[in-house]
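Listed in order, the protein sequences are those of chains A and B. Counting in my numbering, the first sequence runs from 1 upward without gaps. Counting in my numbering, the second sequence runs from 1 upward without gaps.
Note that these hints are calculated values from the structure, not bench results. One should not assume that every hint holds.
[Claimed, not checked] Computed footprint of chain B on chain A; a stretch qualifies when at least three of its residues, placed anywhere within it, have a C-beta under 8 angstroms from a C-beta of chain B:
(1) 26-33
(2) 57-68
(3) 101-110
What you are looking at is a predicted structure, and each value in this text was computed from that prediction instead of being measured. Ideal Cβ positions, reconstructed from N, Cα and C, are used throughout, including at glycine.
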Amino acid sequence: MTEAAAEMRSVVIEREFAFPAERIWRALTQPHLIEEWLMKNDFKPVVGHRFNLRGEWGGVLDCEVLTIEPQKTLAYTWNFSHEDAAFDLKSIVTFTLTPTRNGTHLRMEQAGFRPEQKQASGGAKFGWEKFLANLEEVLARSK
Amino acid sequence: MSAAHDLLFRTLADPTRRAIFERLCREGEQTVGALTATSGVSQPAVSKHLGALKQAGLVRDRHAGRQTHYSAQPGALNPLIDWTGQMAGFWQNRLDALDDLLKRMDQ
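Bound conformation, chain A alone (with noise of 0.2 angstroms):
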């Protein structure tokens, strides 16, 4: 993928928590914990350490810690190598806590590049089968 022709997208999601920041970090930052809410992992809150988080459908993520600020910010790449580059995903998570008067305002961000997409040139290539299956999940979830 060149710089150049990728596009940088953003997802953020915010959620206010009934509970103290002290709490949170701890679920963000405990192995045993992150594996509760998140995924199975070998997380250290050391800057530079690599981890994965595994999937329970079989999915590996790779990670690395770029940033802990303890109760306030948490940074770690979020990369997933995929054979088709439609699916090829290397992005940052940032979690930053805020206290709030009732608890802890939670801001999730994930910044990374827009997948590679090569269906315009080679469509026959692009995993219909998978994304067609992925469609049908998610409409059975919204009725």
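Given chain A, put chain B in place with the hints provided.
Quick look at chain B alone, frame taken from chain A:
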């Protein structure tokens, strides 16, 4: 969800219509007649499905003599393939799980 997403989801929600679209993706351009021969539904029904797919931008038609040829427009799916949409749903679910965990955790 945007109106464009909504139209794509609604259009592809019908199994027969989705089968026609998948077939055009797999096999390339086809006439209504060829699609009817193997779809198990009548020609007017196939034409109606093709009309809906065309409206959603999923197929394009090309007239040649008395025949109309239809081809898939995979680019129309780009809004759904975009990882940001998928990840937004993923994170909403994960944060629900995080909230559950926080309630269970020791003080």
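Now for the hints, and whether the structure bears them out:
Here the stretch 26-33 of chain A counts 3 residues with a CB under 8 angstroms from a CB of chain B, which clears the bar of 3, and the coverage holds. With a threshold of 8 angstroms between beta carbons, the proposed coverage of the stretch 57-68 of chain A by chain B is violated, since 0 of its residues qualify and at least three are required. Coverage of the stretch 101-110 of chain A by chain B holds [criterion: at least 3 residues with CB-CB distance below 8 angstroms; count 3].
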